[in-house]
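Q: Here is what each chain is made of, one letter per residue.
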Amino acid sequence: MRPSRCGLSSISADPEGIEACFRRDAGRCVAVLARALGDIDRAEDAIGDAYVTALERWPREGFPRHPAAWILTTARRRAIDALRRDRRGSEKQVLAARLDTAMRDAAEVADDEMSEIPDERLELIFACCHPSLQLEMRIALTLRTLGGLSTEEIAAAFLVPAATMAQRIVRSKRKIREAKIPFDVPPASRLSERIDDVCTVLYLIFNQGYVATAGAALARTDLCNEAVRLARVLNALMPAEPEVLGLLALMLLTHARRDARVDESGALVTLEEQDRSRWDRSMIDEALAVLERAARHRRQGPFQVAGAIASMHCIARTAADTDWRTIAALYDCLFEMTPSAVVALNRAVAVGFATEPRDGLAALDATVGEGLLDDYYPYHVARAELSLRAGDRATARSSFARALHLTRNEAERAFLGKRLADAGGPSPG
Amino acid sequence: MQYMILIYSPNDAMDVSPEDFAESMPAWEAYGNMLRERNAFVSAAPLAPPTSATTLRVKDGKTVTLDGPFAETKEWLGGYYIVNAATLDEALEYAGKCPGLQMPNAAIEVRPVIDLG
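Here the protein sequences line up with chains A and B, keeping their order.
Anchor point for the first sequence: position 203 equals 203 in my numbering, and the numbering is continuous, going up by one each time.
To convert, count from 1 in the second sequence and add 429; that's my numbering.
I should point out that these hints are in silico values taken from the structure, not numbers from a laboratory.
Incorrect hints may have been included.
Said to hold, decoys possible - Each computed SDA-like pair below joins lysine to any residue, with the alpha-carbon atoms no more than 25 Å apart:
| # | chain 1 | residue 1 | chain 2 | residue 2 |
| --- | --- | --- | --- | --- |
| 1 | B | K526 | A | A188 |
| 2 | A | K180 | B | Y437 |
| 3 | B | K526 | A | E153 |
| 4 | A | K180 | B | K526 |
| 5 | B | K526 | B | E538 |
| 6 | B | K503 | B | T480 |
| 7 | A | K175 | B | L530 |
| 8 | A | K175 | A | V211 |
| 9 | A | K180 | B | V542 |
| 10 | A | K175 | B | T480 |
| 11 | B | K526 | A | P131 |
| 12 | A | K175 | B | A469 |
| 13 | A | K175 | B | V471 |
| 14 | A | K180 | B | E538 |
| 15 | A | K418 | B | T480 |
| 16 | A | K175 | B | M433 |
| 17 | A | K175 | B | D544 |
Predicted model, so just to flag it, every value in this text is computed and none were measured.
Next up, chain B with everything else stripped away, as it sits in the complex (with noise of 0.2 Å):
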């Protein structure tokens, strides 16, 4: 079974200098090593902050382009991993070892992932 889990930093986390960013790395790199090394890791992203967002919707039948983020939130989602697990324990387990769980503020979201086969 796979589970996504979602990273959600706080707004004031928004922008992260270039140095902060790289000394994090070496914790992300260890977490995905250890995902690889329990064949659990299946997919992984980090996503830019919600300033380059575009957002689509439709209006009276005609696709319209909007700047920004859908609506103002508190949290923005950061990044995801799709891990395999055999129980949603196994996933929490996972969960509960990423690196993005330390920024202050962060939550993680652990999500079934329905399959379609």
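Okay, chain A solo, but in the shape it has when bound (with noise of 0.2 Å):
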């Protein structure tokens, strides 16, 4: 072992100190591998063989001096057989050119000591995220090729077996390869649209740990980190996306709250009813700066818009403190940008604390298409709400009751359920 050629003297080449090598240098390698072969599959199934290489052989033979740089060129020694055994002549030729250039490009950055191989996550993330493949494969295909979930959780965070997930990514990999869907960071003519397609995958993935669809967890933690880090990775790889930081501050701001969103019997509790002594400072003050860092670059999008929006309720210092005549102009602003039923919902709800809860309603009526939202359950608890501020108890207890009637998630039913009880209605028993 030569750890003082390696400048990696804490990482020894033992079975620890290759997985260590592995879980910083793994997804790096598959990027530049699957940018040239064009195919994740191939590259995921190279550079995995290139470790066990390494266990057999690091112990032995001591540690390489640029650990990721040995893996990329046994990996690639390997996909070059594969093609050799799998592919026609001309393509053969073609691919084994471009792993060539891309091995070469690798190996010349190899000998800068700050980063032995070039990070082309940016144009993987760019190619799972492409408006080619299915929104629910983007998911799966994003988690799966850039995050540490193994198949299996993240079916479990999806609700689907494993086998459907497992199809799910088997398959948008393979349109990636057939369609030849590229590993590229978009042209600046197309750049702002395909970031926000990339953050819109994020946010989903967020948002499925944040409210789970159904089942007695309210969050799945794990699928929340996981996003946070994947929106940290994006934008230390385009540091001046105001989208991006707008997205991270976003979740960072949702995230913060976690702990105080539910009770000690694992209740829901409202925004207004939380302990505010319970979120997490921290991150919010992290949220906050990194908001000023985006809105330095005066590109206003509606991912900085609804964090900015999440923003002011974290700075009020009592659920009574709330700036609601400033949340419904942000709303205003995010509804000018996305035109759709769902913010103009939450548009309304703002409308209502601002003013007076029949003029939320009145909002509602006149912005929310007719029966567009009628299997959306906050569009009910919504109303209810308003409803029941306004002294309009049936109109409430009705929409409650149709609310409880559309949410699968145990924590929501519950707190629906005491709400109608509240509103005069039924009790849940």
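Work from the hints to combine the two standalone chains into their complex.
A: This is how it looks when you write it as structure tokens:
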């Protein structure tokens, strides 16, 4: 072993040391090889094989000077062998040539002690979040390829059988290979819409963790942590993109309230009733700084506005101190950017709190298209809460009952049952 | 790599008047020229509407000839281009410039062509 030369004196060539290398480098190695091959599966197989070889050889022969470059070189040989077995002549030559170029580039960078191999994870993120993949496939593939969760863990978080999730991942990898979805950062003309696609995927991952659609646990913290981690990676790779900062801030501001969101019995606590001393202050402070950094770019976007709305709640000392007028104005802004029924709904609630409940109900009737949100339980909760405040208990009861009928999450159901009883309706028993 | 750009038209666009057809021609010519200038053009053809189609099927070992399209659909294939493109994004860029996309309710599908070389 030559720790002084590899510059990793803390990592030895025993299995734990190799595992540490794997955790640090494998993602980047897969990204480089996947891009060269246009094929995530082959890249993962070859990199995996190379680490197995490392486990056999490093303890015996010593730690290589550049472990990641060693892995990439070994994996490249594996990939070329596999190509020789499977592919046809002309295609094989083209791919082998591309592999050579990619590996030469990697070797050049390897002389730089700071980063042994180029970081091509951003290119990989754009491939995984390509709009030609179904949304559920983008989510699955991004989590599996760039995250640290197993297929089984991802399946559990999305409440689908592991085989279903595995199939989604296999299909999306195949589509990338067959349709030749590029592993590239999109050109400037398309960049902002494609960044928006990536941010949406990461936010949906976070949201799935935050509001699990069914089951006893309200939040799946693993998924939230993973989404935050991926947002941080994206931010590190594109530090000048304000929407990525907005996304990160929005996640942190939501995540900071996780402990206050459920009580000891696991029941849901509304934002209004949450114990604000249980909010994660350092996370909120970090998010506020992130939002400020985003604002300096002077390129407003929906994630930044949503982050600003979340920040208004987080900076209010008590629920009564909440600046609902600013929140309503921010929702106006958000509705202009993304005119969806869900944004209109949230805007109407903010109007109801900023002025009179009746104004909120009027805004609800005026802006949310008829029947559009009939199956969306928060719509009925909003109508119920505003009606209750306006003194219309009958509407509040029927709306709570409808909301209760629409959600499968046990914590949400318990909460809605309680609210229905508060409004004078039947107790859940 | 080759991609096929399939141009689907809505059913109500079945009867295009000769005047409308003539009016749209320059746009299609310009599109074809753009593809040729970029060395992307492989081949292309417009198709007559499905009212002119004949369908063959094998039933009980016998080939039968049927009139018309094989199924009622909301859209019909109006024509195609085959283009050379390095990646899906390049093919999508070409597809996005196709004049057929500007027809009301039109849809364009992009599919990789399998290379049997």
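Q: Now tell me, hint by hint, if it's right for this structure.
A: Structure-based check of all given hints:
1. For the suggested pair K526(B) and A188(A), the alpha carbons sit about 18 Å apart, so the restraint of at most 25 Å is met.
2. For the suggested pair K180(A) and Y437(B), the alpha carbons sit about 23 Å apart, so the restraint of at most 25 Å is met.
3. Our distance criterion of 25 Å between C-alpha atoms is broken by K526(B) and E153(A), whose separation comes to about 42 Å.
4. Between the alpha carbons of K180(A) and K526(B) the distance comes to roughly 20 Å, so the proposed pair stays at or under 25 Å and holds.
5. Taken as a hint, the K526(B) and E538(B) pair is honoured in the structure, with Cα atoms around 13 Å apart against an allowance of 25 Å.
6. Annotation: proposed proximity of K503(B) to T480(B) holds, straight-line Cα distance about 13 Å (limit 25 Å).
7. With a CA separation close to 24 Å, the supplied pair K175(A) and L530(B) stays within the 25 Å bound.
8. For the suggested pair K175(A) and V211(A), the alpha carbons sit about 30 Å apart, so the restraint of at most 25 Å is broken.
9. Among the hinted pairs, K180(A) with V542(B) is consistent with the structure: their alpha-carbon atoms are about 11 Å apart, no more than 25 Å.
10. Simply put, K175(A) and T480(B) have alpha-carbon atoms about 34 Å apart, too far for the 25 Å limit, and the pair is violated.
11. Between the alpha carbons of K526(B) and P131(A) the distance comes to roughly 18 Å, so the proposed pair stays at or under 25 Å and holds.
12. A C-alpha spacing of about 22 Å is found between K175(A) and A469(B), which places the hinted pair at or below 25 Å, so the restraint holds.
13. Of the supplied pair hints, the one linking K175(A) and V471(B) holds, its CA atoms being roughly 23 Å apart against a limit of 25 Å.
14. Distance check on the hinted pair: K180(A) and E538(B) sit about 15 Å apart at the alpha-carbon level, within 25 Å; holds.
15. Taking the CA atoms of K418(A) and T480(B), the gap is near 62 Å; set against the 25 Å cutoff, the hint is violated.
16. For the hint pairing K175(A) with M433(B), the CA-to-CA distance comes to about 16 Å; that is within 25 Å, so the pair holds.
17. Proposed proximity of K175(A) and D544(B) is supported: the alpha carbons are some 15 Å apart, at most 25 Å.
Violated hints for the displayed structure, listed by number in ascending order: 3, 8, 10 and 15.
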